[in-house]
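Engineer: All chains should be built: construct the whole structure from the sequences, respecting the hints.
Each chain, written out:
2 protein chains.
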Amino acid sequence: MRIESPRYTERFGSVRINDVQKVLELDSGKAKDLPLHENIAVQKIEEDVIKNFEEKMAIVIPTMDEKLKLFEGVISGVPHECLIIVVSNSQRKKVDRFRMERDTLQQYCHFTRRQALIVHQKDELLGRALAEAGYTDLLGEDGKVRNGKAEGMVVAMLMAMLARKDYVGFIDADNYFPGAVWEYVRCFASGFSMARSPYSMVRILWRYKPKITSGLYFKKWGRVSEITNKCVNSLISNNTGFETDIISTGNAGEHAMSLRLAEILPYASGYAVEPQELVSIFEGFGGILPMSHQTAAKHGVEIFQIETRNPHLHEDKGDEHLGDMLMTGLGAIYHSPICEGETRQLIMSELLQRNLLTPEEEPPKPRLSAPPKKIDLTKFFKVMEEHLPSYSALESE
Amino acid sequence: MRIESPRYTERFGSVRINDVQKVLELDSGKAKDLPLHENIAVQKIEEDVIKNFEEKMAIVIPTMDEKLKLFEGVISGVPHECLIIVVSNSQRKKVDRFRMERDTLQQYCHFTRRQALIVHQKDELLGRALAEAGYTDLLGEDGKVRNGKAEGMVVAMLMAMLARKDYVGFIDADNYFPGAVWEYVRCFASGFSMARSPYSMVRILWRYKPKITSGLYFKKWGRVSEITNKCVNSLISNNTGFETDIISTGNAGEHAMSLRLAEILPYASGYAVEPQELVSIFEGFGGILPMSHQTAAKHGVEIFQIETRNPHLHEDKGDEHLGDMLMTGLGAIYHSPICEGETRQLIMSELLQRNLLTPEEEPPKPRLSAPPKKIDLTKFFKVMEEHLPSYSALESE
Numbered sequence: 001m002r003i004e005s006p007r008y009t010e011r012f013g014s015v016r017i018n019d020v021q022k023v024l025e026l027d028s029g030k031a032k033d034l035p036l037h038e039n040i041a042v043q044k045i046e047e048d049v050i051k052n053f054e055e056k057m058a059i060v061i062p063t064m065d066e067k068l069k070l071f072e073g074v075i076s077g078v079p080h081e082c083l084i085i086v087v088s089n090s091q092r093k094k095v096d097r098f099r100m101e102r103d104t105l106q107q108y109c110h111f112t113r114r115q116a117l118i119v120h121q122k123d124e125l126l127g128r129a130l131a132e133a134g135y136t137d138l139l140g141e142d143g144k145v146r147n148g149k150a151e152g153m154v155v156a157m158l159m160a161m162l163a164r165k166d167y168v169g170f171i172d173a174d175n176y177f178p179g180a181v182w183e184y185v186r187c188f189a190s191g192f193s194m195a196r197s198p199y200s201m202v203r204i205l206w207r208y209k210p211k212i213t214s215g216l217y218f219k220k221w222g223r224v225s226e227i228t229n230k231c232v233n234s235l236i237s238n239n240t241g242f243e244t245d246i247i248s249t250g251n252a253g254e255h256a257m258s259l260r261l262a263e264i265l266p267y268a269s270g271y272a273v274e275p276q277e278l279v280s281i282f283e284g285f286g287g288i289l290p291m292s293h294q295t296a297a298k299h300g301v302e303i304f305q306i307e308t309r310n311p312h313l314h315e316d317k318g319d320e321h322l323g324d325m326l327m328t329g330l331g332a333i334y335h336s337p338i339c340e341g342e343t344r345q346l347i348m349s350e351l352l353q354r355n356l357l358t359p360e361e362e363p364p365k366p367r368l369s370a371p372p373k374k375i376d377l378t379k380f381f382k383v384m385e386e387h388l389p390s391y392s393a394l395e396s397e
Numbered sequence: 001m002r003i004e005s006p007r008y009t010e011r012f013g014s015v016r017i018n019d020v021q022k023v024l025e026l027d028s029g030k031a032k033d034l035p036l037h038e039n040i041a042v043q044k045i046e047e048d049v050i051k052n053f054e055e056k057m058a059i060v061i062p063t064m065d066e067k068l069k070l071f072e073g074v075i076s077g078v079p080h081e082c083l084i085i086v087v088s089n090s091q092r093k094k095v096d097r098f099r100m101e102r103d104t105l106q107q108y109c110h111f112t113r114r115q116a117l118i119v120h121q122k123d124e125l126l127g128r129a130l131a132e133a134g135y136t137d138l139l140g141e142d143g144k145v146r147n148g149k150a151e152g153m154v155v156a157m158l159m160a161m162l163a164r165k166d167y168v169g170f171i172d173a174d175n176y177f178p179g180a181v182w183e184y185v186r187c188f189a190s191g192f193s194m195a196r197s198p199y200s201m202v203r204i205l206w207r208y209k210p211k212i213t214s215g216l217y218f219k220k221w222g223r224v225s226e227i228t229n230k231c232v233n234s235l236i237s238n239n240t241g242f243e244t245d246i247i248s249t250g251n252a253g254e255h256a257m258s259l260r261l262a263e264i265l266p267y268a269s270g271y272a273v274e275p276q277e278l279v280s281i282f283e284g285f286g287g288i289l290p291m292s293h294q295t296a297a298k299h300g301v302e303i304f305q306i307e308t309r310n311p312h313l314h315e316d317k318g319d320e321h322l323g324d325m326l327m328t329g330l331g332a333i334y335h336s337p338i339c340e341g342e343t344r345q346l347i348m349s350e351l352l353q354r355n356l357l358t359p360e361e362e363p364p365k366p367r368l369s370a371p372p373k374k375i376d377l378t379k380f381f382k383v384m385e386e387h388l389p390s391y392s393a394l395e396s397e
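From first to last, the protein sequence lines stand for chains A and B.
Everything in the first sequence is counted per our numbering, starting at 1 for the first residue and increasing by one.
Everything in the second sequence is counted per our numbering, starting at 1 for the first residue and increasing by one.
Treat the hints loosely; a few may be bogus.
No copy is singled out in the list; a pair is fine if it fits within one copy or between any two copies.
When the alpha-carbon atoms are kept at most 30 Å apart in a straight line, the in silico DSBU-like pairs for lysine-lysine are as follows [to be verified]:
1) Lys93 with Lys149
2) Lys230 with Lys69
3) Lys30 with Lys69
4) Lys122 with Lys365
5) Lys51 with Lys30
6) Lys51 with Lys32
7) Lys122 with Lys149
8) Lys32 with Lys56
9) Lys30 with Lys56
10) Lys22 with Lys51
11) Lys379 with Lys149
12) Lys22 with Lys56
13) Lys149 with Lys94
14) Lys374 with Lys144
15) Lys373 with Lys144
16) Lys149 with Lys22
These aren't lab readings, by the way, just hints derived from the structure by calculation.
Structural biologist: Next comes the structure, spelled out in structure tokens:
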């Protein structure tokens, strides 16, 4: 893979935010010794380097009643070396869609000889293991994990830790192009290969997100993303005193983290999860509040934003969720202890303008769950490890 | 890459036509010694094997006034080891679109350090070289290459021979997904790696070809392809005496050949080019007519059909060309000396049904140009080799 070198890096306390880097070439060929000058503006990430990172990476596919053909396509795009972790909240009554997903995954793993884990979000054992570990933040009154993609993501992080992986990446199950999925994972691997800190995050910026109207219109910016980015950038600008537009990936669903970073961040519910990750990093390591983790603060937290070559074409789920998405995302920024007056005002004006709020109201507070590291992982592992084979999609032979 | 083993092979004289093979995994990870039983139904083609074939392959992108963003995207998906050959018939007057294409390609090659050739179909030197080599089949009255994608393809084959490549693959410039382009090339390489004959061809079957209507509808079969395939299969069935539906790729624009095969086939103009390739192979090596090339007949000619993981999403050029496409394609089959009564009748009934013909008419005869090998290649090379640097997109340093 060939990718732009990070040309500009914004610093916020011990957080290093790299400017968007574009992918130039999906497949940059065999390993060669390059003359030094060729690695100035553009970096070639060799195939072996990418595969070594993929080997240490779990790719999480959160899914809920998604079309099986799309689901299978997404899986087929994930590079072989990655461990696939499917966290499904699909229906089990009437039609057991979860079972269809598991069958599909098993058949796929059988023929491709690869490893995958699949767990239902409402799995009883999972709920019990979390309760024993003291991680009640994720649980509902029935003792099972609450609904929501964000809760599924945290479950997947724990599964990745259980599988002794070093990195975890998230990819939505509704992507039409296996080739785009493949590129996301390579972007993750390339980002981690450039990181100088073990506490790192890679967020994907889609080159285009085609909107299907009468034809195809290649829209560069999602509507919600644009506003979220503006508000996140305002938060950084007003805290550092230097105006910036460094963040382009505030709502990036496709993103990855080193588990060392993932386990020390708190997570928000619902659509707030992706922007909250940034907010949590800024709170923990921006230097405004006390550093939340000494070792990470020393190494620094590194954020990469990588723009793909492939456009992003996914299931059109309609527009109804966009207001909710915007509101909860901005709520995460608004209620941060480091959010000052200017940014709060900006957020209010964006929401008022779109009639999502009245002037007397405030955007909702995010519901946060504790960083995974805060729970008793030994207990969680103990319960789960014993039953791990039952979550595996590849039969042992 | 992981791909189904050819499960069924149809024989037609010394032609071996393999049944459709599906891609299972885009990226099958590191090289490993597999237990023998794992390679029965599914083959893993190792990364090194693929790259070794890519190194010997030229990827041709025929283009005419295509959007530059699409053009650049397609290029970015071609694996690095391949030589890119752009044959452009874009306008040069008023707006010099050819120059824009060359600039785009040069900029891209500069940053990715890769080789590419670009030639305009109306290039004067090219016309002169062809005339000197005695290849007037391709030339118009002005001494330049005639218009048409098929003519551009033959030019590209000659350029690939000039660049001493062993394989040549064709990819249209109007593809929206670089990741799909990348997969096509890997399919080509995988097919050639499975071939037992140096005279081989790989044809791509798209998993789906989404049609943009009010939403996305994933259509498995193009309308024209379905009819063309039916008629090609009728041609085989009636000549061998065994009914078959082996051909699913009669109109495959995305296809590749070993140059040893490419140089001994005649080529049709216009939309007939892809079906004619099959017809030419059946005529030359099906055993109905005398074998057209002894060595190839001895080795056998091998055809692979590979179904991609990615859907095919390309510029919608409207429906007007479909009638023409169907008619000229079927014309190539109809006028073949091995086309018997049954197949002729089938073709006529398909065309009558769609009001493309009256019962008194016949579909048009294809306009054929001689196999490249029949011309004086030494003369062609002599003229062109001297000016080769002027067609190169990577400045020498």
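Engineer: All hints are to be evaluated individually against the structure, with a verdict given for each.
Structural biologist: How the hints compare with the structure:
no.: 1; hint: Lys93 with Lys149; in the structure: within (20 Å within a copy, 55 Å between copies)
no.: 2; hint: Lys230 with Lys69; in the structure: between (36 Å within a copy, 27 Å between copies)
no.: 3; hint: Lys30 with Lys69; in the structure: between (33 Å within a copy, 27 Å between copies)
no.: 4; hint: Lys122 with Lys365; in the structure: within (25 Å within a copy, 65 Å between copies)
no.: 5; hint: Lys51 with Lys30; in the structure: both (13 Å within a copy, 7 Å between copies)
no.: 6; hint: Lys51 with Lys32; in the structure: both (16 Å within a copy, 13 Å between copies)
no.: 7; hint: Lys122 with Lys149; in the structure: within (12 Å within a copy, 56 Å between copies)
no.: 8; hint: Lys32 with Lys56; in the structure: both (24 Å within a copy, 17 Å between copies)
no.: 9; hint: Lys30 with Lys56; in the structure: both (22 Å within a copy, 13 Å between copies)
no.: 10; hint: Lys22 with Lys51; in the structure: both (20 Å within a copy, 24 Å between copies)
no.: 11; hint: Lys379 with Lys149; in the structure: within (24 Å within a copy, 66 Å between copies)
no.: 12; hint: Lys22 with Lys56; in the structure: both (24 Å within a copy, 28 Å between copies)
no.: 13; hint: Lys149 with Lys94; in the structure: within (22 Å within a copy, 54 Å between copies)
no.: 14; hint: Lys374 with Lys144; in the structure: within (19 Å within a copy, 74 Å between copies)
no.: 15; hint: Lys373 with Lys144; in the structure: within (20 Å within a copy, 71 Å between copies)
no.: 16; hint: Lys149 with Lys22; in the structure: within (28 Å within a copy, 32 Å between copies)
Of the numbered hints listed earlier, not one is contradicted by the structure.
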